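**Q** Protein sequences appear in the order of chains A and B.
Taken in order, the first sequence gives residues 1 to 214; the numbers are from this note's numbering.
Taken in order, the second sequence gives residues 1 to 214; the numbers are from this note's numbering.
Hints are computed from structural coordinates only; laboratory data are not their basis.
Predicted model only: the values in this text are computed from it and were never measured.
A few of these clues could be false.
Each computed DSS-like pair below joins lysine-lysine, with the alpha-carbon atoms no more than 30 Å apart [claimed, not checked]:
#1 B:Lys28 <-> A:Lys199
#2 A:Lys91 <-> B:Lys152
#3 B:Lys91 <-> B:Lys199
#4 B:Lys28 <-> A:Lys74
2 protein chains.
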Amino acid sequence: MRQESDNVDNSNHDQAGINERHRNRMVKAKQIIDAKIEQAQRKAGLIVITTGNGKGKSSSGFGMVIRAMGNGMKAVVVQFIKGAMSTGEEKFLQRFPNEVSFHVMGEGYTWETQNRERDIEKAEAAWKICQQYLSDPTVDLILLDELNIALKYHYLDVNNVIADLQARPAMQHVIITGRGALPELIAIADTVTEMQEVKHAFQNGIVAQAGIEW
Amino acid sequence: MRQESDNVDNSNHDQAGINERHRNRMVKAKQIIDAKIEQAQRKAGLIVITTGNGKGKSSSGFGMVIRAMGNGMKAVVVQFIKGAMSTGEEKFLQRFPNEVSFHVMGEGYTWETQNRERDIEKAEAAWKICQQYLSDPTVDLILLDELNIALKYHYLDVNNVIADLQARPAMQHVIITGRGALPELIAIADTVTEMQEVKHAFQNGIVAQAGIEW
Numbered sequence: 001m002r003q004e005s006d007n008v009d010n011s012n013h014d015q016a017g018i019n020e021r022h023r024n025r026m027v028k029a030k031q032i033i034d035a036k037i038e039q040a041q042r043k044a045g046l047i048v049i050t051t052g053n054g055k056g057k058s059s060s061g062f063g064m065v066i067r068a069m070g071n072g073m074k075a076v077v078v079q080f081i082k083g084a085m086s087t088g089e090e091k092f093l094q095r096f097p098n099e100v101s102f103h104v105m106g107e108g109y110t111w112e113t114q115n116r117e118r119d120i121e122k123a124e125a126a127w128k129i130c131q132q133y134l135s136d137p138t139v140d141l142i143l144l145d146e147l148n149i150a151l152k153y154h155y156l157d158v159n160n161v162i163a164d165l166q167a168r169p170a171m172q173h174v175i176i177t178g179r180g181a182l183p184e185l186i187a188i189a190d191t192v193t194e195m196q197e198v199k200h201a202f203q204n205g206i207v208a209q210a211g212i213e214w
Numbered sequence: 001m002r003q004e005s006d007n008v009d010n011s012n013h014d015q016a017g018i019n020e021r022h023r024n025r026m027v028k029a030k031q032i033i034d035a036k037i038e039q040a041q042r043k044a045g046l047i048v049i050t051t052g053n054g055k056g057k058s059s060s061g062f063g064m065v066i067r068a069m070g071n072g073m074k075a076v077v078v079q080f081i082k083g084a085m086s087t088g089e090e091k092f093l094q095r096f097p098n099e100v101s102f103h104v105m106g107e108g109y110t111w112e113t114q115n116r117e118r119d120i121e122k123a124e125a126a127w128k129i130c131q132q133y134l135s136d137p138t139v140d141l142i143l144l145d146e147l148n149i150a151l152k153y154h155y156l157d158v159n160n161v162i163a164d165l166q167a168r169p170a171m172q173h174v175i176i177t178g179r180g181a182l183p184e185l186i187a188i189a190d191t192v193t194e195m196q197e198v199k200h201a202f203q204n205g206i207v208a209q210a211g212i213e214w
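Work the whole structure out from these sequences, hints included.
**A** Listed below in structure tokens is the structure:
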């Protein structure tokens with residue numbers, strides 16, 4: 001019956017009906033969302049993991065770094081794997097040494113270095129730096145870029161890393177990026193996103209470009 | 001047999017074996033990756049979409065904005081839905097008006113406005129601004145934050161949006177974020193990531209916090 005009466009409406013009445021139904025749906029959506037927000041009032045330092053094969057893991061981490069900086073928070077970046085070439089994010093963030101500390105510790109991807117012992121040395125040196133920040137309550141947010149790779153290849157012991165993460169200041173946020181996040185790390189994290197590749201320009205013959213991949 | 005000889009190795013020999021096998025795997029990996037890179041030498045302005053229910057869509061877009069800025073590229077941000085509250089990324093990027101133009105066009109989420117006609121007016125006004133940038137070859141990268149929401153609710157016609165995107169300067173990159181990317185838009189995009197939620201702190205009673213969600 002409703003359908004029939006809709007059918008005889010003219011276009012203006014149709015639009016009015018669509019708008020009214022939209023409003024009713026949004027009133028209900030707001031009730032549900034407000035109730036959930038009421039349930040979620042606790043604050044805590046988070047462990048956020050971005051993993052998976054899709055594009056967006058590191059860039060999402062850097063987006064959170066500037067969110068933190070915009071809110072007057074002190075941020076730190078430690079890059080574990082990248083670093084063979086200077087990236088746009090590094091060039092940009094190095095302009096603000098009082099707001100963000102930027103450490104490029106890796107010498108490039110594992111298939112570029114081809115030297116596991118040297119990769120391990122680099123990863124261990126990087127983790128020593130991380131340990132300092134993870135015990136400094138004046139640091140609000142730490143991005144551990146590509147740490148998942150160092151853990152996946154067992155360059156660092158995941159149990160030692162988890163122990164240091166869990167001993168950090170209560171309000172400190174840590175973001176961990178890279179493919180193949182270990183299940184042990186996912187288990188102790190608060191927010192985890194699996195970034196799935198639907199398609200990638202590289203498959204279509206397009207080179208990695210400034211502003212997008214670096 | 002190989003297994004047996006491994007078993008009688010002492011620890012140092014084990015490590016040497018692991019390191020050697022790692023090197024061999026990485027040499028092969030490099031050959032495969034280098035061959036793929038050889039195939040991918042074309043440069044082009046890309047359409048990058050980040051969609052899905054997981055955290056990281058907008059933050060990934062903002063990460064690419066600072067990548068672009070670090071490489072001396074001119075960036076633009078147009079936010080379609082967010083805007084009821086000032087975000088860290090907005091506060092931060094507004095510091096660089098000569099490097100990035102930042103437009104907050106929405107009045108908040110659809111369940112906050114509850115007014116489809118007004119949402120449509122705002123979306124249309126936002127798209128007029130986009131059209132100017134999409135015809136300006138001096139703009140290197142445009143982030144259309146939450147455009148997918150405006151398209152999903154039919155606030156804008158997807159065919160008109162696609163026509164404007166496809167008529168843009170050849171080297172201009174466009175990043176489109178938001179849940180529920182329409183299949184028509186995915187079809188014309190170059191790189192698409194579906195961000196899947198594995199877990200979220202909100203489910204565990206933790207409020208949206210500065211530096212992470214805004």
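**Q** Can you list which hints this structure breaks, lowest number first?
**A** Numbers 2, 4 - these are the hints that the structure violates, sorted from lowest upward.
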